[in-house]
Amino acid sequence: MSSRNTIQDELRSLNSGLPVTNSPSFSVPESYFEGLAAIILAKIKSSEVSTHTELDELSPLLAGIPKVTPYSVPSSFFEENLRNISLIGDETESPILAVIGQEIPYEVPVGYFENFPAQVLAKVSIPKAKVVPLFARTWMRTAAAAVVGGALILGGLQIFSGKQNTNSTASQAVDTASAYVAQTKPAPVQAIKKASTKDLEDFIENVPVTASSPKKEPASKEEAQALLKDVSVNEMENFLAAVPQADDELAATDVP
Amino acid sequence: MALTDASDALLLQQFRDPQTKEKAYTAIIKKYQERLYWHIRRLVVDHEDANDVLQNVFIRVWNGLQNFKEESQLYTWLYRIGTNESLTFLENQKKRTAVSLSDVETGLSNKIKADKHFDPNRLEWKLQLAIQQLPEKQRVVFTLRYYDEMPYEEMSRVLETSEGALKASYHHAVKKIEDFIKNH
Chain A
376 MSSRNTIQDE LRSLNSGLPV TNSPSFSVPE SYFEGLAAII LAKIKSSEVS THTELDELSP
436 LLAGIPKVTP YSVPSSFFEE NLRNISLIGD ETESPILAVI GQEIPYEVPV GYFENFPAQV
496 LAKVSIPKAK VVPLFARTWM RTAAAAVVGG ALILGGLQIF SGKQNTNSTA SQAVDTASAY
556 VAQTKPAPVQ AIKKASTKDL EDFIENVPVT ASSPKKEPAS KEEAQALLKD VSVNEMENFL
616 AAVPQADDEL AATDVP
Chain B
412 MALTDASDAL LLQQFRDPQT KEKAYTAIIK KYQERLYWHI RRLVVDHEDA NDVLQNVFIR
472 VWNGLQNFKE ESQLYTWLYR IGTNESLTFL ENQKKRTAVS LSDVETGLSN KIKADKHFDP
532 NRLEWKLQLA IQQLPEKQRV VFTLRYYDEM PYEEMSRVLE TSEGALKASY HHAVKKIEDF
592 IKNH
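Sequence lines, in order, name chains A and B. With the working numbering applied, the first sequence covers 376 to 631. With the working numbering applied, the second sequence covers 412 to 595.
Reference listing, derived: stretches of chain B covered by chain A, where coverage requires no fewer than 3 residues with Cβ under 8 Å from a Cβ of chain A:
no. : segment
1   : 433-442
2   : 452-458
As a list, the in silico SDA-like pairs of lysine to any residue whose alpha-carbon atoms are at most 25 Å apart:
no. : chain 1 : residue 1 : chain 2 : residue 2
3   : A       : 498       : B       : 477
4   : B       : 432       : A       : 500
5   : B       : 587       : A       : 439
6   : A       : 498       : B       : 444
7   : B       : 548       : A       : 477
8   : B       : 432       : A       : 493
9   : B       : 524       : A       : 484
10  : B       : 524       : A       : 476
These aren't lab readings, by the way, just hints derived from the structure by calculation. We put the beta carbon where it would ideally sit given N, CA and C, even for glycine.
Pulled out of the complex, with its shape left as it was, chain A reads as follows (with noise of 0.2 Å):
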């Protein structure tokens, strides 16, 4: 109200032609506002659909039918006895289901809706089986990844002592060859000139290099030079440029 106030106070001061007054210019109907209430609840009511009504408008046939579920349930079936519901007459109720009706005429087992909500209670109130995580405890998780991490370790040392038994191999090709000279008897020189070069290979790899290897009668200078004798020093050369050395091979390999 006082902001109308304002508002007219301020038409007035703009000498303006608009109408200052309170009332309204349009007409109303006498007991309009008093009777309004009930006209529009009236209009709701109507705006509502029945069911009986729309299903006789959409099939008579249907509505004729009795709205009765033929299955039958025991009188004692449920706490009270099941009341049996029918439509209520009605003009616009549907003529095929009103003769039907509602009633399900379906049997359910004596006593069930009585022992019914102590079934599901005891269903839900069953406490549930404790579930124990397999790896529960700190431990052994830690074990578990100690164990890998040894696992790895133990690789990696395995790899880098496999590639140092590889050098030693080829270093020790002479003195191989020497204590199988010693060991073998009578030309043993003819017998290595005549051998190819997959057999000396193959003698290197098998031949265990230990410390234990008995060594009979230690080749001689002149016996070792003897067998070197037909291999360059090119030969020599690419042989042992072709063994890499032990800190590049290390230095090339990812060891985990």
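Starting from the known structure of chain A, fit chain B onto it as the hints suggest.
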């Protein structure tokens, strides 16, 4: 006032109190078991199947009622669970027996015919057979509207479908049922 007459709000409040949880839960079951049972039974036909589904419904109620947000009526929520559990049951039955939907419907019709009180000349039995010819969701719409006289507004909350679609579905269902009854 007996607990079964208590308003849903009171029952919910008592359910959320550990001291009265079981009593409130029992009261909820007693209040809604029959309505839900018949709604389920009309869909699955067999009593044992209806019993299984109804128990599943109330187990879900036990597990979920604590977090029920009360955005809808309790019975709307219960009907929604009951409907979903029934449709899931029928779907699983179809998968379990590796049969087509029409075979499931035939199976349900056979169950109706196997009822010892079945009378093919009675209109109410014909109506049950006619209902089983409907697609599952349309079957739900028809039974909710016809037997439970559920308003479309409420039904749209239960089935999460628009009112217009539900009205159309119901109208088509009525026509199909009418045709079935006329021809059988």
